[in-house]
Structure formats: C-alpha cells, structure tokens
Amino acid sequence: MYKIVKKQELNPTVTLMSIEAPMVARKALAGQFIILRVDEDGERIPLTIAGYDRTAGTVDIIYQVVGGTTIKLNHKKQGEYIQDFAGPLGKPTEIEGLKKVCVVGGGVGNAIAFPIVKALHEQGSEVTAIVGFKNKDLVILEDEFRANSDNLILVTDDGSYGEKGMVTDPLKKLLESGEKFDQVITIGPIIMMKFVTKTVEPSGIPCIVSMSPIMVDGTGMCGGCRLTVGGETKFACVDGPDFDGYKVDFDEAIGRGSMYKIFETHKREEACNLYKEV
Amino acid sequence: MANMSLIKNPMPSQDPIERAKNFKEVATGYTKEMALDEAARCLNCKNKPCTNGCPVQISIPDFIAKVAAEDFEGAYEVISKSSSLPAVCGRVCPQENQCEKYCVRGIKGEPVGIGRLERFVADWHNANATAAPVKPESNGHKVAVIGSGPSGLTCAGDLAKKGYDVTVYEALHTAGGVLVYGIPEFRLPKAIVQKEVDGLKALGVKIETNTVIGKTVSVDELMSDEFGFEAVFIGSGAGLPMFMHIPGENLKGVYSANEFLTRINLMKAFREGSDTPILPLAGKKVAVVGGGNVAMDAARCSKRLGADVYVVYRRGMEELPARKEEVEHAIEEGIIFKTLNNPVSIKGNEEGYVSAIECIKMELGEPDASGRRSPVAVAGSEFDLDVDCVIMSLGTSPNPLIKSTTEGLETNKKGCIVADEAGKTSKPMVYAGGDAVTGAATVILAMGAGKTAAKAIDEALS
Numbered sequence: 001m002y003k004i005v006k007k008q009e010l011n012p013t014v015t016l017m018s019i020e021a022p023m024v025a026r027k028a029l030a031g032q033f034i035i036l037r038v039d040e041d042g043e044r045i046p047l048t049i050a051g052y053d054r055t056a057g058t059v060d061i062i063y064q065v066v067g068g069t070t071i072k073l074n075h076k077k078q079g080e081y082i083q084d085f086a087g088p089l090g091k092p093t094e095i096e097g098l099k100k101v102c103v104v105g106g107g108v109g110n111a112i113a114f115p116i117v118k119a120l121h122e123q124g125s126e127v128t129a130i131v132g133f134k135n136k137d138l139v140i141l142e143d144e145f146r147a148n149s150d151n152l153i154l155v156t157d158d159g160s161y162g163e164k165g166m167v168t169d170p171l172k173k174l175l176e177s178g179e180k181f182d183q184v185i186t187i188g189p190i191i192m193m194k195f196v197t198k199t200v201e202p203s204g205i206p207c208i209v210s211m212s213p214i215m216v217d218g219t220g221m222c223g224g225c226r227l228t229v230g231g232e233t234k235f236a237c238v239d240g241p242d243f244d245g246y247k248v249d250f251d252e253a254i255g256r257g258s259m260y261k262i263f264e265t266h267k268r269e270e271a272c273n274l275y276k277e278v
Numbered sequence: 001m002a003n004m005s006l007i008k009n010p011m012p013s014q015d016p017i018e019r020a021k022n023f024k025e026v027a028t029g030y031t032k033e034m035a036l037d038e039a040a041r042c043l044n045c046k047n048k049p050c051t052n053g054c055p056v057q058i059s060i061p062d063f064i065a066k067v068a069a070e071d072f073e074g075a076y077e078v079i080s081k082s083s084s085l086p087a088v089c090g091r092v093c094p095q096e097n098q099c100e101k102y103c104v105r106g107i108k109g110e111p112v113g114i115g116r117l118e119r120f121v122a123d124w125h126n127a128n129a130t131a132a133p134v135k136p137e138s139n140g141h142k143v144a145v146i147g148s149g150p151s152g153l154t155c156a157g158d159l160a161k162k163g164y165d166v167t168v169y170e171a172l173h174t175a176g177g178v179l180v181y182g183i184p185e186f187r188l189p190k191a192i193v194q195k196e197v198d199g200l201k202a203l204g205v206k207i208e209t210n211t212v213i214g215k216t217v218s219v220d221e222l223m224s225d226e227f228g229f230e231a232v233f234i235g236s237g238a239g240l241p242m243f244m245h246i247p248g249e250n251l252k253g254v255y256s257a258n259e260f261l262t263r264i265n266l267m268k269a270f271r272e273g274s275d276t277p278i279l280p281l282a283g284k285k286v287a288v289v290g291g292g293n294v295a296m297d298a299a300r301c302s303k304r305l306g307a308d309v310y311v312v313y314r315r316g317m318e319e320l321p322a323r324k325e326e327v328e329h330a331i332e333e334g335i336i337f338k339t340l341n342n343p344v345s346i347k348g349n350e351e352g353y354v355s356a357i358e359c360i361k362m363e364l365g366e367p368d369a370s371g372r373r374s375p376v377a378v379a380g381s382e383f384d385l386d387v388d389c390v391i392m393s394l395g396t397s398p399n400p401l402i403k404s405t406t407e408g409l410e411t412n413k414k415g416c417i418v419a420d421e422a423g424k425t426s427k428p429m430v431y432a433g434g435d436a437v438t439g440a441a442t443v444i445l446a447m448g449a450g451k452t453a454a455k456a457i458d459e460a461l462s
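Chains as they are written, first to last, in my numbering: chain D, 1 to 278; chain F, 1 to 462.
Each hint should be verified, as a subset may be incorrect.
Subject to a maximum C-alpha distance of 20 Å in a straight line, what follows is the list of computed SDA-like cross-link-like pairs (lysine to any residue) [what the hints assert, rightly or not]:
1) F:LYS201 / D:LYS172
2) D:LYS234 / F:GLY248
3) D:LYS261 / F:PHE270
4) F:LYS252 / D:LYS76
5) D:LYS3 / F:GLU208
6) F:LYS81 / F:VAL104
7) D:LYS261 / F:LYS424
8) F:LYS252 / D:THR233
9) D:LYS76 / F:ASP275
10) F:LYS48 / F:ILE17
11) D:LYS194 / D:ASP249
12) F:LYS252 / D:ILE254
13) D:LYS172 / D:LYS194
14) F:LYS135 / F:GLU77
15) D:LYS91 / F:LEU203
16) D:LYS72 / F:GLU249
17) F:LYS455 / F:SER274
18) D:LYS76 / D:GLN8
19) F:LYS347 / D:TYR260
20) F:LYS347 / D:MET259
Just so you have them, the derived chain D footprint on chain F, three or more residues with Cβ under 8 Å [unchecked claim]:
21) 6-14
22) 46-56
23) 168-177
24) 254-262
25) 288-296
26) 371-380
To be clear, the hints were calculated from the coordinates, so they are not data collected in a lab. Backbone N, C-alpha and C fix where the C-beta goes; we use that ideal spot for every residue, glycine too.
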C-alpha cells in the first residue's frame, strides 16, 4: 500500500497527489511514468511522473478526472492509501546537451511538460514554454512554469486568460520569426501533438512527442500500447513514451486510444440512474 | 495384486457445454476411491523409468505406493522433496511427454495417471494438512530472486528451506508470474497459486511486488552494499509478445494473447466489478492465431466470454504444438479449428474495429529442421473470415529490460540469457533459469531450472 501524503486540487478537474514510494522516487526522472491501481478490483493505469522528492521519498502525479479509475482515485483523501504504485517506467526524456528548447504543453499534459521544463531549466538550457488551456479556470502550474522558463507564453482557447488561440499559433509565429531551437518537445492530447509536429515540420527542428496509449503492465509484456513509428511497431512503455514526432502514426494512435470508449460510455449509462427509465 | 485395467481412471470434468460458460476449473479431480484404484495400477518398477522422465526427478513409484497405502500426507512429503509446486504441476505439466511417456503400463494400454495422482495428493494436502511449515534457521546469506513465476518460486523455496534470506522481486502487483497472468482460472485456480506463495512466505521468503528490475532497481544495485545480496537468480520469463507484422494488426480488436489473457486472468476483466475493460465478446466472433497451449487458453477464454471461436493455424491438426488434452478440451467446448490457413491481413470497419481476417490456404510440404512438415501457401486461395476480434498467439521472447540494464550479462541472438547447466551466467554470482534462458517452454522445465540454480547458489555460498 502506498500513502497519499498530499492531495491538492489544481483546478476543478485536475488534482495533484504526492505518493509515498521511496523506491520509485530514488530513480525517477522527467518523462518517465508509473502504473497505479487504486484498489483490489482496480485497473492498472499509467500516469506520467509530475515531480519527485528523493529525500522525502515521494512521487507526484497529476491527473484529470475523466472516468472510472480517475474518479475512484479522486475519492481517496490525503492520508489514505492506494493499492499499487510501480515505476519509474519508460525512458526518461533526453535533454542532455540541449541549449535552447521549446516545450509545448496542452491541458493536463502541462503537468508532464512541467518536470521537463524544470529539468531543462536546472541544467541551464534556455526554455520557451508554450502552455495551452481551454479557459482561465483550467490553468495549472502557472507560477511554476514562470519560475522555470525564460519565456512563458500562455494561451487559452477562449481568450479568457493569456493570449487567445491554440498553442500552434504562438509556436508558428516564433518559428516564422526565425527563432531557432535545438528541439521542440510537446505533450498533450494526441491531436494537439499531431498539429504541433505539423507546425514545426517546415523548420526541420526535431520534434519529440510524449505518447500515452492504453497499457496494462507497462513493462513490454502485453503489447497493448503499440504504436507505428516510422513504419515499425514500437511499445510506448519500453521504447518510449517519447518518440520522434515526424515518424509517429498519430491517426492510428488516436484510433487505438478510443478502443474502449463506446463500451465505457454504455457501461456508465447502464449504471447511472439518470439514464434509467422511470 | 496390481490393478491390470488397461485404461486410466478418467478425470472427472465439468460438462463441456456447461463449462464453456464459466471460468470454474474444468477438471474436478479424482475422488479418494479413484485415486486408490489408479494407484493400484502402478507396478512399482525398480528402475523407475517415470522418475527419469520427470524434470525435477520426483520419486514417483514411492509417492504412488504411499497413495495406495492411503498415506496421502506421506505421499505429499515424497513429492515435495523434489517439487515445490505439486498442486500446480499436477494440473499443467505435459505428463504425456514426461513421466507418463516412460511408464511401463503405457506399452500395452494407458500409462498410470501420474499427473492426476500428483494433483490428488497436493489437493488432499492443501485441504487437510494442519502442520504449519517451520521457518528454518537463518544461515545469514542473502539471495535475490527476480520474477515470481515457476522458476523463481522454486529457486526461492529451495533456498529458503536451506536457511537463506530470500527476497523475490515481482514487476506486477501479484506474485505468480505466468501462473497468474497467463494460465486461466479454469485450468489453474489462482487460489492454488496463492496457497503456494503463502507457503513460501511462511518459510520466510519476502515478496516485493511492483518492483521492476532494470527500472526500479538494477541487478548491480541488488548486489551492491545498499541491498547486500550475495547472489541473484533471474527468472524473468519470456514475456515479450510477437506479432506477425501484417496489415491491420494495430486495428482496434487485435490483441496479443499476453494482453488478452492478462486482462482476463490477472485483471479479472471477465468478472462483474472489475475495472479492467475487455472487448465485449458475447455473440461475437474471434480468431485466435497460433496453435500452442497459449492459443488454446485464449480460445477457451474467448468462448467463456460468449464468442464463437476459430483457431487459425498454418499447419495441420497433427502439427498443433498444444498438448493433446488442451486441444481435445477446446474441441469439446465447440472451438472451430481452421488449420492449414495463414493470416495475410486484418480488415477493419469504418470505426477502425476488426471486421475480418484474410487468410490464405496452406498445404504441407517437406519436413523442415524441426521435423514438422512446413506449410506452403496455395496461390490465389485467399479468403475472408468475418471476425470481430483477433488474438495473436505466436509465441513470446524474453523481456529485454534486464538484459539492457545489466552490464556483463551475456544474451544470445534471440535475447535469451546465456547460462550453463547449473544456471550460471556470464556475470559473477548471477544465475538464471526458466523461459528467460530457454525461451518460452513449460512450467516444469522452469521449475527444474530454478531448482538446479538454487543448488548451484547454495554450493557457491557455503
């Protein structure tokens, strides 16, 4: 059992938890993930590591309440325990030697973008962070991003905070104005990463994407997280989660990510009294 | 006077139509009367040909003699001298290729039902034994075991009995390895595996789940002062699934057998209340590609989820690598064998879900290196088999996580760890055994390797 030592709501649907897991904390690096199970009947779900404290032996996770398991997780209070917590899994984001980097995050993906921004900043890289959210209420980690980046561009879809638009808008402007980056790293919804990659492509700057497909074990055993990258089958859990954005078959990944969606919706409708006939 | 019946006492089983709808154990086990009757068929041969056919050298005629004398606990003691997991082996060992193959009674008629008797004895012990295992006195040596499958559990058990301080590291959340994620409940109830694991814990073995060696901790760290293990046994299995690399393999509804079975067996996706999803298969059609035991398990699980199931295999019925008993059970349960067919592509519908598997007909040509006649495609014979789900069961290879994070650990071209007969690897005080060394094989061979390595580790440390 793993103790929830801190629980903090970052916005109405996104929450941070610090989990006591010293064995994971001692090895964790930005870009890696963990697999957790809330309780005995729980599903194994992967969550990217949002931070860690090796001395305290804690690992931070940030999740958005979207369905089944995240609802269950969100019912747990500070001081309570979750059943299983395994990691760190996957390869860390490769940041060594990068001097000037643009990190593009979207929505809850910013929770994962942040530790990468922080790690880059700590090694002395010049970091431009472009972070996008739906609206002002959903903005997370603004102060943390500001403190760890040389240039922070915050956008919202509806313009209720920061610049109005998509993350690709300021990115395009920067690239067209001749900004040179060693690398663009993007984390967020697959569709966003697809368009970020398209936006970067004309510049020829390497673009790394962080994939988070459906997984079971997270150790290369099930193959459920397979993606097509450069025409080859890759397992996100052991070969990734970071991949060369130019080579990823995003449309296939979007499709595979929706495998259980319609069944899950049906299940919820069956269970929810609101859908039952009176 | 020996019982001279030419046939084995048949194994009582659930009715095929009934059992194809549930996940309860298919074979229900001998009654005491059946066990006594079967034990009386053993001729108690002096040269024990059966024992020589057993990878862990159980003294078979001796345990059967105890059964015949109604000393079931005595029989258990004989078996447990050589085997750590009798209740498991009595169920999943391919006895027809091992002990029973060499049984003298098999020359004229059927061999003695050794596996069935082993299971009877183990189940009797589990139901009736009262004496708690005694934790042996510590000898002060620390050994780490990587993986809690059959080889790891056996190695840990043997070392613990000798007083070693053993810690078993398991990547998943439950101990048992392939016994819990791979082999279905209806062939090997998980309560039996749990009982074996609890038995090891009673001997003082520590089990650390959720620990991925190569990620959470490396082999070198285990052997450093921080952890202080003097020897490491790697029994990490062969968990990496293979795919065919044909078009459509990444459509929604294509699983590796590993994923499909893990969702069902480890995550209990078949059970109401489990959070783990699986494609709803009631009234759907499933094609399982492959002909091994794992393919049979995947096919029979699909059937239990309510699907009509095809097994698509490129050779003929005779060449199926699965145990005969498994194939027979599958046929009884209504699984349709589409042998001499090879998949060419998988087709999807507009939503990206599987709608058909395109196959080509095959004929058998000349025998290949393995002695099996190799299949040759019949030109222009492609056809579509309408299915909603495809399960790829083409075999597995060792997981590269440990290899890639352990310096000085030699592996071969197939990714298998190189180890000598005693399980010694190229790295000092690191031993390995089971599927991680041989590639996918059987539970009993893995157990045998765990046993051999435990002996070698004991010799090296004492």
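Checked hints:
1. F:LYS201 / D:LYS172: With a Cα-Cα distance of about 60 Å, the restraint between F:LYS201 and D:LYS172 is violated, given a limit of 20 Å.
2. D:LYS234 / F:GLY248: Distance ~15 Å between D:LYS234 and F:GLY248 Cα, so the pair holds.
3. D:LYS261 / F:PHE270: holds (18 Å)
4. F:LYS252 / D:LYS76: Not satisfied, since the Cα-Cα distance of roughly 32 Å exceeds 20 Å.
5. D:LYS3 / F:GLU208: holds (17 Å)
6. F:LYS81 / F:VAL104: violated (24 Å)
7. D:LYS261 / F:LYS424: violated (48 Å)
8. F:LYS252 / D:THR233: holds (15 Å)
9. D:LYS76 / F:ASP275: Cα-Cα ~16 Å, so holds.
10. F:LYS48 / F:ILE17: violated (40 Å)
11. D:LYS194 / D:ASP249: holds (9 Å)
12. F:LYS252 / D:ILE254: holds (11 Å)
13. D:LYS172 / D:LYS194: Holds - the C-alpha atoms of D:LYS194 and D:LYS172 are around 14 Å apart, at most 20 Å.
14. F:LYS135 / F:GLU77: The given pair, whose Cα atoms are some 17 Å apart, holds under the 20 Å limit.
15. D:LYS91 / F:LEU203: violated (37 Å)
16. D:LYS72 / F:GLU249: The hint is violated at about 33 Å.
17. F:LYS455 / F:SER274: violated (41 Å)
18. D:LYS76 / D:GLN8: OK: D:LYS76 and D:GLN8 at ~12 Å, within 20 Å.
19. F:LYS347 / D:TYR260: holds (19 Å)
20. F:LYS347 / D:MET259: holds (16 Å)
21. 6-14: Since three or more residues must qualify, the claim that chain D covers the stretch 6-14 of chain F is violated, with 0 doing so at under 8 Å.
22. 46-56: Not satisfied, violated; 0 residues make the cut.
23. 168-177: holds (count 3)
24. 254-262: Satisfied; 5 residues make the cut.
25. 288-296: violated (count 0)
26. 371-380: violated (count 0)
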